[in-house]
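Residue-level listing of the chains:
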Amino acid sequence: MNLTLKIWRQKNASDKGKMVDYKINDVSPDMSFLEMLDVLNTQLIESGDEPVAFDHDCREGICGMCSLYINGEAHGPDRGVTTCQLHMRKFKDGDTIYIEPFRAKAFPVIKDLVVDRSSFDRIQHAGGFISVNTSGNTQDANAIPINKENADKAFDAATCIGCGACVATCKNSSAMLYVSAKVSQFALLPQGQVEATDRVLNMVKQMDEEGFGNCTNTGACEVECPKGISLENIARMNTEFLKASLKG
Amino acid sequence: MATLDSKTPKGPIADKWTNHKNKINLVNPANKRLIDVIVVGTGLAGGSAAATLAELGYNVKAFCFQDSPRRAHSIAAQGGINAAKNYQGDGDSTYRLFYDTVKGGDYRSREANVYRLAEVSANIIDQCVAQGVPFARDYGGLLDNRSFGGVLVSRTFYAKGQTGQQLLLGAYSAMNRQIGRGKIKMYNRHEMLDVVVVDGKARGIIARNLVTGEIERHSAHAVVLGTGGYGNVFFLSTNAMGSNVTAAWKAHKKGAYFANPCYTQIHPTCIPVSGDHQSKLTLMSESLRNDGRIWVPKKMEDVKAIREGNLKPTQIAEEDRDYYLERRYPAFGNLVPRDVASRAAKERCDAGFGVNATGEAVYLDFASAIQRYGKEQATIKGLNVNDAALVKKLGQEVVKNKYGNLFQMYEKIVDEDPYETPMMIYPAVHYTMGGVWVDYNLMTTVPGLYAIGEANFSDHGANRLGASALMQGLADGYFVLPYTIGDYLADDIRTGPISTETPEFDEAEKNVRATIDKFVNNNGTKSVDYFHKRLGKIMWNKVGMSRNEQGLKEAIEEISALRAEFYSDVRVPGGANEYNEELAKAGRVADFLELGELFAKDALNRTESCGGHFREESVELDGPQKGEALRNDKEFAYVSAWEYKGEPKDAVLHKEELEFNDIELKQRSYK
Numbered sequence: 001m002n003l004t005l006k007i008w009r010q011k012n013a014s015d016k017g018k019m020v021d022y023k024i025n026d027v028s029p030d031m032s033f034l035e036m037l038d039v040l041n042t043q044l045i046e047s048g049d050e051p052v053a054f055d056h057d058c059r060e061g062i063c064g065m066c067s068l069y070i071n072g073e074a075h076g077p078d079r080g081v082t083t084c085q086l087h088m089r090k091f092k093d094g095d096t097i098y099i100e101p102f103r104a105k106a107f108p109v110i111k112d113l114v115v116d117r118s119s120f121d122r123i124q125h126a127g128g129f130i131s132v133n134t135s136g137n138t139q140d141a142n143a144i145p146i147n148k149e150n151a152d153k154a155f156d157a158a159t160c161i162g163c164g165a166c167v168a169t170c171k172n173s174s175a176m177l178y179v180s181a182k183v184s185q186f187a188l189l190p191q192g193q194v195e196a197t198d199r200v201l202n203m204v205k206q207m208d209e210e211g212f213g214n215c216t217n218t219g220a221c222e223v224e225c226p227k228g229i230s231l232e233n234i235a236r237m238n239t240e241f242l243k244a245s246l247k248g
Numbered sequence: 001m002a003t004l005d006s007k008t009p010k011g012p013i014a015d016k017w018t019n020h021k022n023k024i025n026l027v028n029p030a031n032k033r034l035i036d037v038i039v040v041g042t043g044l045a046g047g048s049a050a051a052t053l054a055e056l057g058y059n060v061k062a063f064c065f066q067d068s069p070r071r072a073h074s075i076a077a078q079g080g081i082n083a084a085k086n087y088q089g090d091g092d093s094t095y096r097l098f099y100d101t102v103k104g105g106d107y108r109s110r111e112a113n114v115y116r117l118a119e120v121s122a123n124i125i126d127q128c129v130a131q132g133v134p135f136a137r138d139y140g141g142l143l144d145n146r147s148f149g150g151v152l153v154s155r156t157f158y159a160k161g162q163t164g165q166q167l168l169l170g171a172y173s174a175m176n177r178q179i180g181r182g183k184i185k186m187y188n189r190h191e192m193l194d195v196v197v198v199d200g201k202a203r204g205i206i207a208r209n210l211v212t213g214e215i216e217r218h219s220a221h222a223v224v225l226g227t228g229g230y231g232n233v234f235f236l237s238t239n240a241m242g243s244n245v246t247a248a249w250k251a252h253k254k255g256a257y258f259a260n261p262c263y264t265q266i267h268p269t270c271i272p273v274s275g276d277h278q279s280k281l282t283l284m285s286e287s288l289r290n291d292g293r294i295w296v297p298k299k300m301e302d303v304k305a306i307r308e309g310n311l312k313p314t315q316i317a318e319e320d321r322d323y324y325l326e327r328r329y330p331a332f333g334n335l336v337p338r339d340v341a342s343r344a345a346k347e348r349c350d351a352g353f354g355v356n357a358t359g360e361a362v363y364l365d366f367a368s369a370i371q372r373y374g375k376e377q378a379t380i381k382g383l384n385v386n387d388a389a390l391v392k393k394l395g396q397e398v399v400k401n402k403y404g405n406l407f408q409m410y411e412k413i414v415d416e417d418p419y420e421t422p423m424m425i426y427p428a429v430h431y432t433m434g435g436v437w438v439d440y441n442l443m444t445t446v447p448g449l450y451a452i453g454e455a456n457f458s459d460h461g462a463n464r465l466g467a468s469a470l471m472q473g474l475a476d477g478y479f480v481l482p483y484t485i486g487d488y489l490a491d492d493i494r495t496g497p498i499s500t501e502t503p504e505f506d507e508a509e510k511n512v513r514a515t516i517d518k519f520v521n522n523n524g525t526k527s528v529d530y531f532h533k534r535l536g537k538i539m540w541n542k543v544g545m546s547r548n549e550q551g552l553k554e555a556i557e558e559i560s561a562l563r564a565e566f567y568s569d570v571r572v573p574g575g576a577n578e579y580n581e582e583l584a585k586a587g588r589v590a591d592f593l594e595l596g597e598l599f600a601k602d603a604l605n606r607t608e609s610c611g612g613h614f615r616e617e618s619v620e621l622d623g624p625q626k627g628e629a630l631r632n633d634k635e636f637a638y639v640s641a642w643e644y645k646g647e648p649k650d651a652v653l654h655k656e657e658l659e660f661n662d663i664e665l666k667q668r669s670y671k
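In the order they appear, the protein sequences are chains A and G. For the first sequence, my numbering gives the first residue as 1, with consecutive numbering after it. For the second sequence, my numbering gives the first residue as 1, with consecutive numbering after it.
Treat the hints as calculated values from the structure; they're not laboratory data. Hints may be right or wrong, so weigh each one.
[As the list claims (entries may be wrong)] Below, in silico cross-link-like pairs of lysine to aspartate or glutamate (EDC-like), each with a Cα-Cα straight-line distance of 16 Å or less: (1) G:Lys526 to A:Asp49; (2) G:Lys412 to A:Asp78; (3) A:Lys105 to A:Glu210.
Given only the sequences and the hints, what does the whole structure look like? Please build it.
Below, the structure is given as structure tokens:
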């Protein structure tokens with residue numbers, strides 16, 4: 001199939017940036033979306049132009065490196081997948097596709113479609129851990145049985161890949177789904193209880209300092225999340241935050 | 001040819017590690033504050049090492065090329081992590097895990113390292129649970145296990161199909177705690193481009209900031225490489241797009257010997273290549289072979305009809321199917337080790353029985369499992385076991401619970417429903433057992449330079465067992481390196497900070513800049529990928545699943561010629577002082593073009609077949625094992641460690657003789 005691409009090009013963080021049109025022909029429906037961009041880039045390089053910069057690594061939907069806002073949706077039109085798992089069979093011959101970076105105040109553009117998500121890391125530095133040193137003398141892994149339902153829920157929260165689709169899709173650029181996933185994982189496990197108060201307060205404080213917006217419960221994040229992280233986690237984080245604030 | 005000293009401690013195998021720990025030098029806590037350590041790579045090995053070294057009090061600088069340490073490719077590991085916990089009471093022990101790993105590696109690993117790996121495996125699970133890693137649990141709240149290929153016990157801990165992700169996020173959280181305390185300084189989007197050696201010791205690295213293009217000097221008292229494997233030398237592999245050999249290769253060029261480069265794991269169950277546009281291959285977990293049966297049609301006319309789209313696999317009668325693994329290996333059937341399963345698939349496809357347009361695919365069929373589980377469920381629920389539709393529905397539900405995420409991944413990529421029609425699979429490059437040579441302390445032949453995880457060579461011999469890569473990465477990073485590195489650093493407590501203003505740093509930086517300048521000013525006509533794909537084709541066709549003398553000799557010549565063409569004709573757009581992914585890729589492919597040649601040279605030298613390395617000249621000619629790989633312990637029970645001498649063709653071979661005192665060398669039989 002033949003397609004028209006409208007792609008955000010921005011030389012660097014201080015450049016203003018603009019949408020640029022490209023034509024691409026003979027796209028196979030079996031290609032992934034990023035492979036389609038690879039083909040475009042090879043064309044650009046061999047004709048002496050600069051390729052389009054975009055983030056990607058594992059290309060199997062788990063590393064969280066790829067992003068892209070495609071036709072107004074984080075990770076494109078398919079559900080439950082990242083951009084690298086999106087295939088061209090979701091598009092039709094003659095389509096025009098708009099490709100933009102994940103936009104948020106806390107995700108400044110580095111170049112073209114590549115954004116800086118280090119704000120996510122800094123939130124984790126503030127409290128996304130359980131303080132246990134490596135010693136080889138840690139108590140036996142089966143010493144504390146954990147209710148299966150809680151273990152499963154902790155796992156579901158922990159599958160967040162930190163891609164930032166929730167922020168990009170939220171009209172307020174809120175990072176509540178992302179932060180709540182980590183807070184929930186530890187809140188549901190006995191190992192996470194000791195530091196629960198400091199954790200939620202510190203992580204929320206850092207989230208606010210990074211310039212993420214507030215949550216207004218539209219639920220768009222849950223819809224666009226490639227890993228299906230549930231809004232329930234935000235409710236749990238709010239509970240944790242309230243408990244911690246009353247203690248503090 | 002010199003013989004290498006592994007520095008393996010003396011004494012009974014079960015006491016070696018404990019005795020060694022008791023005798024090596026320690027650095028006191030006040031002095032640790034005066035010592036800097038660089039860790040390159042933040043996967044399971046690098047991430048866990050960085051966190052642990054920082055907990056101990058060292059000043060750590062950690063580097064990754066991704067935008068966050070959490071994205072390292074360990075994250076993509078699916079199936080699980082082995083540990084000799086014996087929670088199932090099925091007779092597991094440290095010794096059994098040790099034995100299975102040495103046997104699975106086809107007797108080409110170092111016994112003492114493998115025993116230590118098995119010994120610390122149980123600690124890993126304790127540590128991860130304490131960090132909040134959500135492993136699968138049973139209804140009693142205790143940890144659940146499953147089985148993997150090549151073993152007789154249930155020792156694999158898992159978190160659905162995302163075990164690597166959960167373990168990496170555990171290591172990442174341990175790192176985050178130390179970053180927050182200022183004990184780790186994290187450098188995201190940085191690529192290491194050289195090791196700096198001062199007075200014979202590794203004292204720092206040259207790194208490029210991938211956002212600004214700036215070339216930076218970083219010094220330390222020791223340098224640790226946790227930079228993963230080099231499967232991307234094949235272009236198509238299950239590795240991430242950015243996975244590369246550059247750090248290990250630069251270390252090799254600075255004096256670190258490179259061991260067993262030809263030991264590559266080709267994983268039998270991956271989604272086949274669909275066309276020339278393909279950028280990577282996707283693995284389907286080994287766990288699928290518990291329930292999937294592998295087959296191709298018996299009749300050539302059926303193969304043709306399938307390829308032309310006139311016949312569906314479900315229409316082929318049971319007696320017209322060749323379940324070739326069950327036929328050839330009745331004892332292990334579909335659960336033979338990875339190297340054996342891969343070669344068997346290739347054998348059938350080479351004979352013309354491949355079931356897709358490219359002729360390189362076999363079926364992995366769940367219909368029998370769906371039937372079996374369906375009938376079981378119908379019986380349990382007291383429903384009609386002769387109701388075919390009901391049985392199928394119930395069976396599909398069971399399969400979905402076990403493998404749902406994998407089936408969904410398959411459907412997204414291939415656009416076929418694996419509940420209704422068999423999956424198509426084909427082997428693909430997955431893991432490299434070879435790597436930087438290290439001694440028992442995980443130190444390379446350059447003093448102060450360490451290699452851990454997949455980057456080193458030590459634990460998996462010529463073939464790695466499933467669920468052992470995660471175990472080794474975390475064992476090295478959490479429990480081995482943090483001890484052994486202290487023995488070396490104990491001599492550095494009075495050294496003081498290492499200056500970056502020395503002739504050695506000047507020289508290293510100058511060389512890095514010269515290479516970069518060459519690329520951006522080359523004005524060739526072809527993209528980096530163009531050369532990478534061509535290298536991949538040579539590797540796959542001549543240095544892939546099956547190798548022979550003639551092909552290997554041709555590969556060496558072809559890779560060498562391709563390298564010359566690459567330097568004269570590659571086009572790298574953009575500048576040196578900006579974000580430039582093509583420039584980063586050019587540097588990585590340049591190193592693959594050298595490694596590839598050494599890889600073929602190593603494969604040519606090793607005229608035996610062992611594990612993932614299959615030489616067509618070395619097969620059993622008769623007897624019950626006819627046609628199987630033939631190992632040659634008399635001449636090849638050694639590690640090939642190559643010393644860099646200018647060009648890959650000039651590399652000099654050093655041997656580490658492998659001693660087997662606790663395990664008897666035997667032919668692996670899965671018949």
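Hints breached by this structure: The structure conflicts with no hint, since it agrees with every one listed earlier.
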